[in-house]
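From first to last, the protein sequence lines stand for chains A and B. Per the working numbering: the first sequence = residues 1 to 319. Per the working numbering: the second sequence = residues 1001 to 1152.
Quick caveat, the hints were computed from the structure, so don't treat them as lab data. Note that beta-carbon positions come from the ideal geometry of N, C-alpha and C, so glycine has one too. Among the hints, erroneous ones may be present.
Claimed, not checked - Examples of chain B residues toward chain A, derived with CB under 10 Å: (1) SER1076; (2) ARG1093; (3) TRP1117; (4) ALA1120; (5) VAL1129; (6) ARG1136.
Claimed, not checked - Straight-line alpha carbon distances no greater than 30 Å define the calculated DSSO-like cross-link-like pairs of lysine-lysine that follow: (7) LYS311/A / LYS279/A; (8) LYS1100/B / LYS279/A; (9) LYS279/A / LYS1131/B; (10) LYS1064/B / LYS311/A; (11) LYS308/A / LYS1139/B; (12) LYS308/A / LYS1100/B; (13) LYS311/A / LYS1131/B; (14) LYS308/A / LYS1101/B; (15) LYS1100/B / LYS201/A; (16) LYS279/A / LYS1064/B; (17) LYS1131/B / LYS201/A; (18) LYS1139/B / LYS194/A; (19) LYS60/A / LYS79/A; (20) LYS194/A / LYS1100/B; (21) LYS1101/B / LYS194/A; (22) LYS1064/B / LYS201/A; (23) LYS273/A / LYS201/A; (24) LYS205/A / LYS1101/B; (25) LYS194/A / LYS1131/B; (26) LYS1064/B / LYS205/A; (27) LYS15/A / LYS1131/B; (28) LYS1139/B / LYS201/A; (29) LYS1100/B / LYS273/A; (30) LYS286/A / LYS1101/B; (31) LYS1100/B / LYS286/A; (32) LYS1139/B / LYS29/A; (33) LYS279/A / LYS201/A; (34) LYS1101/B / LYS273/A; (35) LYS273/A / LYS1131/B; (36) LYS1064/B / LYS286/A; (37) LYS311/A / LYS1139/B; (38) LYS117/A / LYS60/A.
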Amino acid sequence: MELQDRGKMHECQEKQLAGICRKLLDEGKGDVILAYAGGEIENSTIPLFIRGCGEIERLKYDEYCYPNLAKYLLENKGKTGIVAKPCDARAIAMYIAENQLARENVYIIGMECNGMKNMDGSLAPGCCECSVHVPPLFDVLVKCNGEVVEREQYTNTGAPAGYEDDAVFNAVTGESGNAGDDNGVNEDKPLEDKSLERFKKELDKCILCFACRQACYGCYCPVCFMDRTMPAWISTDPGMGAKMVYHLGRAMHLAGRCVECGACERVCPSGVKIRYLIKEINSFCKDVYGYRAGMNPGEYPVLAAFNKDDKEIGFLRSE
Amino acid sequence: MDNNTGCKPEKDTGWEPRIVAFLCNWCSYAGADLAGTGRLQYPPSIRIIRVPCSGRLNPLFIIKALAEGADGVMVSGCHPGDCHYLTGNMYARRRFVILKKLLETAGIHPDRVHFTWVSASEGGRFAEVVKEVTERVRKLGPSNITENTGKI
């Protein structure tokens, strides 16, 4: 898609969004709506909490709406509306699967998305290899051309509204025709370098500021293992060992849960590109266990379930 | 170490692998005990940590052991279906498969971390497993995982 078309597409979506927000507030379907507003810096956006019609004026939706808003849902009790790109919607689906959020307490305004941009105009980290353009979970969908579709209309089944409806998932998660075409992405691209040198090279840059953890939708533990002191997982010396424990530990905690929003890479002040670890695990989970994070809120996360016939890949003397 | 262990000592450097072994209390730990009472010889390269179940094992234990300089890690639990807590090793199995894949992706050699099942009656198998793990880790040499790259 040409850049000009993209701009126009977001303009259409923004117009519809304002109308939907107004309607939501009028009908009382949400006490607060999580959306985007323009940031102080050019080409940036900040989260916007819409509580009244006055705030709708500040609403903005353009190609720089890369922040993942899902994490704010956990702090909001009561009914909340949220503007959700596919990665945000997948994060919400994971929250529901992990019992962090009740489906009825969140009204999801799904946005069809063809990728967001960094401030410098390049494609944002998570978007480069994203193949999910339609949110797998929504109450109302705003398409790229500005068309607004209710969930019931989308499935065309007339079934009661609810994510239990498989038709929604097949319709949404089935290999949609435009998957990955206009971004030139290839999700199953084999990894070029899996050496310890590469891993250490990335770790060298890390300053253990934990910005990636704070930005990640999946890191919502009240006390992170890195902050524990009795006993401490790492020494206060930020050597290779400490960084390794942090990054491998976090990768393990996100194994099969990462929704590939790319927030971790975007917020990193020193440009650590460690997401390739989790990406590899994600495609592994897809191949071996047929599990993709956030595609079905009714499904247990891959590490919270088991199958009697699970393969023992790499086990010693496995029969 | 004598020749009965089935493992040749490293004559040049005197280096012997240090392997952390997490053993399930109900199967593998008893299996190790049986290997001992049966006078089966195996290399003295493992340091055993007893855990209630292989499902008790936080993947961080393994990561931490490697980061602290262990040359290898070995985890052994009950065979699937024999878990004392019914499903502990089932959850552990997925966890281990994914952890192993993760370590491989990070560039840590797959032979540094081993998972296996040993029941309480398999003293012979336990000795064999330890021999095999030790041999594989020995081939890799001392761990270079946490060596700094020279930059600070």
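Each hint tested on the structure:
no. : hint                 : verdict
1   : SER1076              : holds (9 Å)
2   : ARG1093              : holds (5 Å)
3   : TRP1117              : holds (8 Å)
4   : ALA1120              : violated (17 Å)
5   : VAL1129              : holds (6 Å)
6   : ARG1136              : holds (9 Å)
7   : LYS311/A / LYS279/A  : holds (21 Å)
8   : LYS1100/B / LYS279/A : holds (15 Å)
9   : LYS279/A / LYS1131/B : violated (35 Å)
10  : LYS1064/B / LYS311/A : holds (26 Å)
11  : LYS308/A / LYS1139/B : violated (34 Å)
12  : LYS308/A / LYS1100/B : holds (19 Å)
13  : LYS311/A / LYS1131/B : holds (24 Å)
14  : LYS308/A / LYS1101/B : holds (20 Å)
15  : LYS1100/B / LYS201/A : holds (21 Å)
16  : LYS279/A / LYS1064/B : holds (22 Å)
17  : LYS1131/B / LYS201/A : violated (34 Å)
18  : LYS1139/B / LYS194/A : holds (20 Å)
19  : LYS60/A / LYS79/A    : holds (22 Å)
20  : LYS194/A / LYS1100/B : holds (13 Å)
21  : LYS1101/B / LYS194/A : holds (11 Å)
22  : LYS1064/B / LYS201/A : holds (20 Å)
23  : LYS273/A / LYS201/A  : holds (10 Å)
24  : LYS205/A / LYS1101/B : holds (24 Å)
25  : LYS194/A / LYS1131/B : holds (28 Å)
26  : LYS1064/B / LYS205/A : holds (20 Å)
27  : LYS15/A / LYS1131/B  : violated (69 Å)
28  : LYS1139/B / LYS201/A : holds (25 Å)
29  : LYS1100/B / LYS273/A : holds (21 Å)
30  : LYS286/A / LYS1101/B : holds (13 Å)
31  : LYS1100/B / LYS286/A : holds (16 Å)
32  : LYS1139/B / LYS29/A  : violated (64 Å)
33  : LYS279/A / LYS201/A  : holds (18 Å)
34  : LYS1101/B / LYS273/A : holds (18 Å)
35  : LYS273/A / LYS1131/B : violated (38 Å)
36  : LYS1064/B / LYS286/A : holds (27 Å)
37  : LYS311/A / LYS1139/B : holds (27 Å)
38  : LYS117/A / LYS60/A   : holds (15 Å)
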